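**Q** The residues making up each chain are set out below.
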Amino acid sequence: MIRVVLPAHLRKLAQVTGEVQLDVVGPVTQRAVLDALEARYPMLCGTIRDHVMQRRRAFVRLFACEQDLSHELPDTPLPDAVATGAQPLVVLGAMAGG
Amino acid sequence: MSGVRVLVGTRKGAFVLTSDATRGRWRVSGPHFAGWEIYHVKGSPTDSDRLYASQSSTWFGQLIQRSDDGGNSWDPVGNKFIYDGILGTHQWYDGTPHPWEFARVWHLEPSLTDPDTVYAGVEDAALFRSTDGGWTWQELPGLRGHGSGSAWQPGAGGMCLHTILLDPTDPQRIFIAISSAGVFRTDDAGKTWRPVNRGLRSEQIPNPTAEVGHCVHRIAMHPSRPGVLFMQKHWDVMRSDDGGESWCEVSGNLPSDFGFPIEVHAHEPDTIYVVPIKSDSEHFPPDGKLRVYRSRSGGNEWEALTKGLPQRDCYVNVLRDAMAVDALDPCGVYFGTTGGQVYASADAGDSWEPIVRDLPPVLSVEVQTLP
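Sequence lines, in order, name chains P and R. Mind the numbering: the first sequence is residues 1148 to 1245 in my numbering, read in order. Mind the numbering: the second sequence is residues 500 to 870 in my numbering, read in order.
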C-alpha cells in the first residue's frame, strides 16, 4: 500500500482527509503513483502534472524520506520506504509566496 | 422579480451576494474555493441555478467548477483545455515567436439558449466551447488560426481572451476581444473569424491604425441592439454602430479615457458606464476620487456619479470583468475593486453603497436577476 500526502487544497478538491492510500501495480515510480492517484481521484487530473506531457507542474514538489524527488525522472523507482508504505510520498505546493 | 444574486470572483476565492429586489440588505456567502484565484463566475441565462466558475492557481493549474443549485454546492467538471491542431506561435513580449501555452480561463460565457453549452476565453488567447455542461472542452480553432495570430502579443496581464459577446438575434454571430490583438467577429458560429478594429487608434503599436494589435480592455452590447457595441480600450472609449465594422471615439468629457470595464444599462441601450483610471502606469482613479461616469447619449457626454463613493484618498482599480448590471427597474449597477469593495447602486448609478468592503482583490462581478 502506497501512502500519499496531499496539500490542503488538493485534499479539499478530492474530498479526502489525512493520507491517501493507493494500490500500485508494478514498479513504484512517480508516474505509477500519480497514475493510480488520478485514477482514484480524477478531479486531481491536471493539478499535479499537466494533461498533455504529464510534466510536474512547476510549483508542485514531491518529497519522500526527507529528499526532494521533484527532479527525478518519472519512471525512476521511488525509495523502498515509499514502496513498502513505511514512508509517504509527499505532494506539496512550492514555497513561492501567494 | 424576486431578487438579485451577485457573483464575485476574487484573488482568493468566490463570493455569492444575495438580496431581495429592494437590494437593501445583503447576505454574503463564501469564500468558495478559498485560496484559489477565481477569475470569473457566471450563471446560465436560461437556468439561474446553473453557474460556472473558473478556479485557478499558480501551483495547481486550472479547474472549472459547476453549481446546479445557485452556488450552494459545487462540483469540479472538466479542466482539459487542449489547443486544437498545430500549436503555432504568437509574439512574446520581446517580439520573438512563442508557442501557444495554456495558462488559465479568464471568462466563461454560458449559452443564451442551452445551460449545458458554455464558452471559455483563455490565456494564451483562444476560445473553447463545452456542450456537455463543462465536462469536455473543444477549441474553436478558426480564431487562433486566423492569419494574424502569429502577430498577436500579450498585454501586461498576459495574452488573454477576456470578452465573449453572443448576439441574441443571430446564433451564428459572436464577438470576442483579446489583449492585445483586438476585437474579432464570427458570422458562422465560430468556424471563421475576422478582426473588426477599423477606427481604433493605438499609439503604443508601430502602426497605430493596424488591423490587429490593439489592447481592447472590454466590449459591451445591449441585447436589444446587438449591432451597437461599446468599447473601453487601453486608452479611448469607442462605439460601433455597425457590428464592429467601424469604430468612433466617444470619450468626450471624461477626465481620463483609460480604464477597464464598460457596461450598458439594462433598459436604456444608450446609457453606458465606465470607471476612468488615471493612466496605464497609474492604475487608480484620477485625483484619488472613485467616480463612475455615465453617459445617457451613448458616449461623448458623461456625468460623474459620486454619491456614496469615496472622494478622497482612493487608489483602487476596477478590473475589466468587475462591473455588471441587473435587470430590475430601476436598473442596478455593481462593481468590485482591487481593494476588495463591491459597490451597488439600486438607482442606475445615482447613488452607491458598499455591499462588502474587505474582500480579497475583486477580479470579476456578474449579476443574476432571479425570477
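In short, the hints are calculated from the structure, not lab data. None of these values were measured; they are calculated from a predicted model. Positions of the beta carbon are idealized from the N, C-alpha and C atoms, including for glycine. A hint or two may mislead.
Among chain R residues calculated to face chain P with C-beta under 8 Å, some are [said to hold, decoys possible]:
id, residue
1, 558
2, 569
3, 572
4, 578
5, 581
6, 584
7, 591
8, 594
9, 700
10, 816
Think about it this way: if two alpha-carbon atoms lie no more than 30 Å apart in a straight line, the pair counts; the simulated DSSO-like pairs of lysine-lysine are [stated by the list, open to error]:
id, chain 1, residue 1, chain 2, residue 2
11, R, 788, R, 806
12, R, 788, R, 690
13, P, 1159, R, 511
14, P, 1159, R, 579
**Q** Give a verdict on every hint.
**A** Results for each hint:
no.: 1; hint: 558; in the structure: holds, 4 Å
no.: 2; hint: 569; in the structure: violated, 21 Å
no.: 3; hint: 572; in the structure: violated, 12 Å
no.: 4; hint: 578; in the structure: holds, 5 Å
no.: 5; hint: 581; in the structure: holds, 6 Å
no.: 6; hint: 584; in the structure: violated, 13 Å
no.: 7; hint: 591; in the structure: violated, 18 Å
no.: 8; hint: 594; in the structure: violated, 24 Å
no.: 9; hint: 700; in the structure: violated, 38 Å
no.: 10; hint: 816; in the structure: violated, 19 Å
no.: 11; hint: R:788 to R:806; in the structure: holds, 11 Å
no.: 12; hint: R:788 to R:690; in the structure: violated, 45 Å
no.: 13; hint: P:1159 to R:511; in the structure: holds, 15 Å
no.: 14; hint: P:1159 to R:579; in the structure: holds, 20 Å
Of the numbered hints stated above, those contradicted by the structure are hints 2, 3, 6, 7, 8, 9, 10, 12, listed in ascending order.
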